[in-house]
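S.K.: Letter by letter, the chains look like this.
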Amino acid sequence: MLRFAPLALVLLVAGCTDTPVSASVSVADALSGDTTGYARADRVRPFAFPADHGPHPAFKTEWWYVTGNLRATDGSGRRFGVQFTVFRSALAPDSARAERASAWAATQLYMAHVAVGDIAGRRFFSQERFARGAAGLAGASAEPVRAFLGSVEMRQAADASGAVPLRLVGSAEGAAFALDARPVKPVVLQGDRGLSQKGAEAGNASYYYAQTRMATTGTVTLPDRDGAAGETVPVEGLTWLDREWSTSALAGGQTGWDWFALHLDDGRDLMLYQLRGREGIKDPLSEGSIVDAEGGKTRLAAAAFSLEPVARWTSPSGAAYPTRWRVRVPSEGLDLAVTAALDASELDATVRYWEGAVDVAGSVAGSGFLEMTGYADTPARRADALARTSTSSASSSAR
Amino acid sequence: MLFRSSLRYLLRHPWLTALSILGVAVGVAVGVAVDLANASALRAFELSGEALTGRATHQIVGGPGGVPGEMPARLIREAGVPNVAPVVEGTARVARDSARVVGILGVDLLAEAAFRPFVAPGPGTDGGAGGVDPGVFLTVPGAAVLSRGTADALGVALGDTLGLSVDGRPVTARLVGLLDPADGRSASALSNLVIVDVATAQEWAGRESGTTGGEDAPSGSTLRASDAGTLSRVDLIVPGGASGAAMLARVRAVLPPGVEVRPATGQAETLRTMTAAFRLNLTALSLLALVVGLFLIYNTVTFAVVQRRRVLGTFRALGVTRGEVFRLVLGEALAVGVVGTALGLGLGVALGSTLVGLVTQTITDLYFVVRVRELDLSAGSLLRGVALGLGATLLGALRPGWEAASVTPASALRRSTEEDRLARGAGRIAAVGAGTMALGGGLLLIPVPAGSGGIALAYAGLLAILVGFAVTVPWLTRGYAALARPVAGALFGPVGRMAARGITASLSRTAVAVAALTVAVAATVGVSTMVASFRTTVVDWLGSVLQADVYISPPAAVFRRGGGILDAGLYADLAAMPGVARADGIRVRTLDTEQGPVDLVVGRVDTVRTGIYRFKEGDAKTAARDALRGSVSISEPFGFRFDVQDGDTLTLPTDAGPRRFPVSGVYYDYGNDLGVVLMDERMFLRHYRDPGRSGVALTAAPGTTPEALVQAATAVAEGRQQVSVRSNRNLRETSLAVFDRTFLVTHVLRLLAVGVAFVGVLSALMALQLERRRELAMLRAQGLTPAELRRTVVVQTLLMGLWAGVLAVPLGLVLAAVLVFVVNVRSFGWTLAFEVSPLILGQAVGLAVVAALLAGLYPAWQMGRADPAEALRDD
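Protein chains in written order, with our numbering: chain A, 1 to 399; chain B, 1 to 875.
Rather than coming from a laboratory, the hints here were simulated on the basis of the structure.
Certain hints may be false.
Beyond 12 angstroms from chain B on every Cβ pair, some chain A residues (computed) [stated by the list, open to error]: (1) G75; (2) R97; (3) R100; (4) A106; (5) S151; (6) G318.
If the Cβ cut is set under 8 angstroms, some of the chain B residues that face chain A in the computed set are [as the list claims (entries may be wrong)]: (7) E70; (8) D108; (9) A199; (10) Q202.
Since the model is a prediction, treat every value here as computed from it, not as a measurement.
Virtual Cβ for every residue (Gly too), placed ideally from N, Cα, C.
Input sequences plus hints: build the corresponding full structure.
M.R.: In structure tokens form, the structure reads like this:
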């Protein structure tokens with residue numbers, strides 16, 4: 001699976017509207033930039049847990065990514081989509097690291113994206129945070145399994161040798177969640193035994209494993225309309241953990257991707273992604289997998305599935321995201337209609353993208369999460385938008 | 001017709017018009033320059049403060065050696081504060097230009113956007129030349145960002161390194177980014193500011209290792225909180241209302257003892273009040289120049305009226321009303337005032353750019369580092385200049401205008417009638433003057449509680465005395481002229497007698513000129529005597545305080561406050577050098593209190609140390625004994641600033657929170673006008689886990705010369721830390737040099753006041769001579785040679801100058817006494833010896849005579865040249 005890459009090299013933006021903004025770097029730059037001195041995902045390797053739950057600082061980028069669908073258990077029937085992500089990005093390879101006396105000196109940059117979609121309330125909360133991996137501001141570890149940035153934290157809830165139960169805490173714009181996620185299937189190694197090829201060249205790949213189905217309980221807190229802490233709702237549902245680390249992955253000419261993580265009601269978990277080239281052509285390295293109810297995994301090649309946009313929703317930023325899809329996996333007998341539960345699920349982060357809960361209907365019902373990138377964020381358009389933002393903010397601050 | 005007459009008059013007398021304009025211009029210029037310099041220095045500070053405070057609403061300060069480095073993470077995680085920014089502040093000297101002090105701002109770029117948006121690179125910068133690569137900024141040791149202007153001023157380009165000295169330790173900054181400030185405000189805020197990552201700033205400042213370890217971190221964790229060093233402060237943005245109050249309560253709950261949260265705005269305010277007295281004193285001096293300038297304007301306008309007495313009389317005969325004549329004169333004055341004011345504004349701005357350097361230098365020597373030295377052209381200052389110029393012009397023109405309006409058409413009234421009236425009234429006016437002086441004295445005697453606007457009252461009293469004295473000048477001058485006549489007659493013959501009589505005959509002119517010169521010279525006497533008294537006191541004090549032979553400390557950014565830290569190993573080695581009989585370590589530690597910074601001087605307090613001080617309250621022996629029981633001694637300015645006396649109790653922030661310290665002894669100290677608290681080293685270490693030393697004073701053993709010790713100490717420090725090793729004499733000289741530098745502004749202003757007075761005397765004399773044209777022409781016609789005429793004029797100005805000089809002496813001494821015993825005491829709380837220097841008094845009289853003589857030269861030359869026939873034909 002390919003998830004949104006941590007374009008954390010783009011900085012200083014963090015939610016402050018009248019702040020001058022630095023220019024963005026392209027997705028391809030971030031994932032295929034200078035790799036000298038970093039380890040590469042160029043061969044199949046054995047995975048070991050809990051060690052691999054922790055950070056792999058020899059690789060340039062890494063993420064802990066949890067998404068899920070939750071329902072209120074207070075009888076109200078309300079539904080929520082949640083996203084918890086912590087990204088790590090190495091600022092310098094180990095070999096280039098200077099001996100530093102200060103504990104504030106950092107070579108790892110962390111970024112967190114948290115989002116809560118209140119489906120019934122048609123509200124979407126999202127927040128981006130940055131911190132250095134030092135001075136207790138952000139970090140990750142294997143024992144205990146932990147990844148955090150400030151108060152956004154994932155921590156192991158109990159001892160485990162393989163799939164690990166997690167405690168997740170996150171907040172965004174006044175909305176918050178505290179969840180316990182218990183894996184019901186073993187760890188799934190995606191791609192070829194955990195090596196997920198993203199570009200044709202050797203090493204343009206990531207190591208990638210998942211805990212595809214986690215039975216989750218906890219609470220979601222929503223702010224009232226004034227932004228003050230409002231109600232806290234008990235919830236339960238299913239979440240999905242993706243773990244991936246790499247040094248370079250994307251090749252040039254790839255403009256974005258569409259990624260699906262679907263929990264089917266028959267117990268199967270379907271993951272599909274397509275890398276879009278220019279003119280939206282699906283890259284042959286697009287891939288997927290299906291995990292049966294017992295945890296058995298089957299790889300799906302690019303030719304084994306098709307993803308067709310059916311309807312689009314245009315965000316306030318002007319990006320037209322396909323929010324209805326027809327998803328077909330003939331070999332698995334699947335012909336699914338995937339529909340966004342809440343159209344307005346665009347994260348207005350350093351790099352804009354759409355990530356939200358979806359409903360699944362068709363041959364099997366279910367729910368899941370969809371991520372779409374590259375609809376708003378071609379570098380040129382992004383730079384234009386930034387220039388406009390800073391101009392308008394300059395005039396607004398002048399007022 | 002009236003207007004054209006005015007215009008013609010002004011154009012036909014270009015020199016006189018120019019002189020009037022110059023008079024107004026210089027008066028306005030001085031006022032505007034000082035106002036601008038003051039406002040700029042303040043603005044500079046506000047900008048520096050703004051740059052460093054940003055949008056923070058609250059700050060976390062305190063702690064042993066600073067705020068523990070783990071506080072930001074705890075504030076985010078445990079107190080739920082969303083916007084938290086660590087700050088490590090400091091100053092450094094530029095290695096290749098050690099006079100240049102730059103500010104160090106250590107920040108976490110990732111937390112900055114909400115706090116200091118100007119730190120973020122502006123739009124249009126990309127990852128290349130202009131922008132900051134955060135990866136580089138965070139990972140490269142010494143990576144620094146400067147504003148483009150500062151980089152240009154320092155002569156560094158992107159990619160260059162810049163050698164700096166922090167507490168005498170050499171460090172290297174690498175310029176990795178340039179900021180293009182969006183506006184002038186940001187440009188000023190960023191001026192001379194080196195922005196680095198927190199880690200770099202910690203390493204430069206020696207803050208990377210805090211005094212508290214991370215022992216309580218869970219063991220076995222790869223995230224074990226390592227020692228995160230210390231921070232200068234942590235900035236917070238806390239919302240208002242109930243949620244903000246709740247957040248603050250959570251913040252307080254996680255703060256360790258000795259660390260506190262306080263509003264961010266308070267700091268700027270207290271630092272502003274720190275310099276209030278200093279700035280007010282400058283303003284008062286500039287007003288002195290204006291008072292002198294007022295005489296000048298009065299003179300120039302009078303001159304214009306006198307010249308056209310007959311023309312105005314004719315106008316009146318033609319039916320022009322009194323009101324119209326009055327308005328005509330005022331209009332002319334206003335025209336001169338407008339041109340003069342405009343010129344004065346320009347001059348003031350030019351002068352201000354010089355003064356602002358002096359003012360910020362003084363503030364940097366005395367209080368805190370001011371990085372911004374550009375003139376801030378505030379509209380307020382310029383508007384005040386306009387009001388000053390035009391207001392003074394109109395005020396000065398009122399009486400001459402009234403005088404012009406009262407010219408009767410019949411006779412174009414001879415001046416003598418009016419002079420007679422003045423001569424008769426001089427006594428009455430003098431009585432009013434005496435009353436005004438008495439009122440001024442009364443104002444000075446009003447008891448004022450410490451630090452409550454007493455300075456303004458003191459200046460009001462001073463002004464009353466000055467003005468009161470000035471109006472007694474005609475009466476005094478009349479008496480003087482009567483006395484001088486026989487003396488001058490004996491010396492210069494009839495010419496001398498004539499000159500002396502001339503003074504009385506035109507008393508309204510001569511007296512004003514004498515008064516203006518008197519006030520200006522008195523100001524010189526007063527200020528010089530005050531500075532000399534101060535200097536004598538400081539010399540005495542240095543003599544008693546500087547008892548050791550060699551002083552060693554890292555160079556401090558603020559001379560009078562010190563505060564750098566001497567390398568611990570170096571300290572031990574210096575103290576252990578052969579030939580050292582006694583080594584006294586000293587520590588200067590600044591405490592952040594709600595009332596502003598308090599400087600703590602820490603050393604081993606014993607009778608040897610306290611013996612070097614002279615005590616105002618209490619005594620050295622008791623203070624030394626009490627110091628071991630937890631008492632502190634305070635310096636005189638400290639007692640004044642915080643209204644603390646011997647026997648009181650002082651509350652100071654310590655590592656364990658606020659602690660009360662009994663005060664034993666108040667001693668004289670002229671080194672720090674904010675005041676200091678003297679605490680014993682052993683007591684200090686009990687309350688503050690901060691064992692560093694700021695410097696060491698070495699006493700040579702018998703047989704070792706101080707020079708040998710200086711050499712040995714320099715050799716020991718070589719290659720370890722840049723320190724200044726000063727012999728007793730050298731330190732004394734340096735201290736006096738800084739003292740003199742801080743009074744440079746005062747000297748400049750004083751000279752300007754004399755300059756204004758000079759122009760005033762010149763124009764007064766010209767008015768006088770012009771007025772007496774016919775009279776003198778008559779004398780010429782009766783056989784007086786041009787040379788004799790010239791001598792008459794010269795002798796007269798000599799007599800006037802001498803008189804002004806003589807009058808200036810008592811007035812100047814009164815002024816000095818008020819400055820020393822009232823203004824200084826109310827501003828800083830210092831006890832100064834009053835030192836009257838005959839040299840200063842002699843110089844003052846000489847100055848008055850020379851100024852008058854110089855001013856008399858041109859009129860004398862003109863008089864001698866005038867054709868008597870033409871002058872008489874006018875009749």
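S.K.: Can you name, in rising order, the numbers of the hints this structure does not satisfy?
M.R.: 2, 3, 4 and 5
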